[in-house]
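A.B. asks: Each chain, letter by letter, is given below.
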Amino acid sequence: MTDNQTTSERVSDTEMRVTRRFDAPARIVFRAWTTPDLMVKWWTPKSFGITFISCEMDVRTGGNYRFVFGHPAADQPMAFFGRYIEVVENAKIVWTNEEAENGSVTTATFTERAGKTELVISDVYPSKAALDEAIASGSVAGYDEQFVQLDDLAASLTA
Amino acid sequence: MVHYVNPGHDASFAALSDATRRGVIEHLFSGDASISELADRFHMTLTGMKKHIGVLEQAGLVATEKIGRVRTCKLGVSRLEDEMQWIERYRQMWAARFEELDKVVADLKAKERGDD
Numbered sequence: 001m002t003d004n005q006t007t008s009e010r011v012s013d014t015e016m017r018v019t020r021r022f023d024a025p026a027r028i029v030f031r032a033w034t035t036p037d038l039m040v041k042w043w044t045p046k047s048f049g050i051t052f053i054s055c056e057m058d059v060r061t062g063g064n065y066r067f068v069f070g071h072p073a074a075d076q077p078m079a080f081f082g083r084y085i086e087v088v089e090n091a092k093i094v095w096t097n098e099e100a101e102n103g104s105v106t107t108a109t110f111t112e113r114a115g116k117t118e119l120v121i122s123d124v125y126p127s128k129a130a131l132d133e134a135i136a137s138g139s140v141a142g143y144d145e146q147f148v149q150l151d152d153l154a155a156s157l158t159a
Numbered sequence: 160m161v162h163y164v165n166p167g168h169d170a171s172f173a174a175l176s177d178a179t180r181r182g183v184i185e186h187l188f189s190g191d192a193s194i195s196e197l198a199d200r201f202h203m204t205l206t207g208m209k210k211h212i213g214v215l216e217q218a219g220l221v222a223t224e225k226i227g228r229v230r231t232c233k234l235g236v237s238r239l240e241d242e243m244q245w246i247e248r249y250r251q252m253w254a255a256r257f258e259e260l261d262k263v264v265a266d267l268k269a270k271e272r273g274d275d
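If you're matching them up, the sequences are chains A and B in order.
Under our numbering, the first residue of the first sequence is numbered 1, with each subsequent residue one higher.
Under our numbering, the first residue of the second sequence is numbered 160, with each subsequent residue one higher.
It cannot be assumed that every hint is accurate.
What the hints assert, rightly or not - With a straight-line cut-off of 35 Å between C-alpha atoms, the simulated DSBU-like cross-links for lysine-lysine are:
#1 K116/A <-> K41/A
#2 K262/B <-> K41/A
#3 K209/B <-> K128/A
Hints listed in this document are in silico derivations from the structure and should not be mistaken for laboratory results.
Required output: the full structure, derived from the provided sequences and hints.
C.D. replies: Here you go:
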């Protein structure tokens, strides 16, 4: 990581990895990941077309989270939820993604170097088949697939 | 940092490790061909060519279609390409989040400085 570019790579049969550097100490980046009022500002950028309806996060080992999103074309909100398996202050967050079957376990690690933070996100699926299936579905986060269907539906209704 | 070779790409690399199979791919760039045409072109038995086509098909590099008694080969949509596209979209999703996260982080930094 020589600059602030985001990289992504399939590093094994079951694991996707993303890296990014931030111009701030780890405690600041960690705070942005663990404070609901801050999380809602960045987790769903405008280009996603979805917005937070609610954001509940009990960020400690064994705590739960629940994100509820809305989409202009959706009657029903969608929930994404899971549990924090491990939380290490300013260094690491590990959580499950339980809204879908065969969901991944995600680990975010925050490593501070010279006042900057190197973030590594590792998404580990329960099997090669589960990651292959995620790739085959074309969906990168679960939202787009479901909401694209709604977009298509909305487009067909207004056509 | 350890660099792993993506095992999903193994099939594609293995398929392309053979000179005949590379020749077949190159040939198919100029147009579709039947297995018997390819066997003639590469001076092979029909059975031998079928095996090569099978390997290329497994890797998603070639697609075949049987019309009547003739099996026609054409360039396939590679799973490798699909996977690369997905990985790029996955990267873009995180990159979009991180651009917003940069702003949140900058605000927090500014506030922290202000509190000093």
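A.B. asks: What's the verdict on K209/B and K128/A, does the C-alpha distance respect the 35 Å limit or exceed it?
C.D. replies: Satisfied, since the Cα-Cα distance of roughly 29 Å is no more than 35 Å.
A.B. asks: Hinted pair, alpha-carbon criterion (35 Å max): K116/A, K41/A. Please report holds or violated.
C.D. replies: holds (21 Å)
A.B. asks: Holds or violated: K262/B with K41/A, Cα cutoff 35 Å?
C.D. replies: holds (9 Å)
Comparing the model with each earlier hint shows no violations; every hint is respected.
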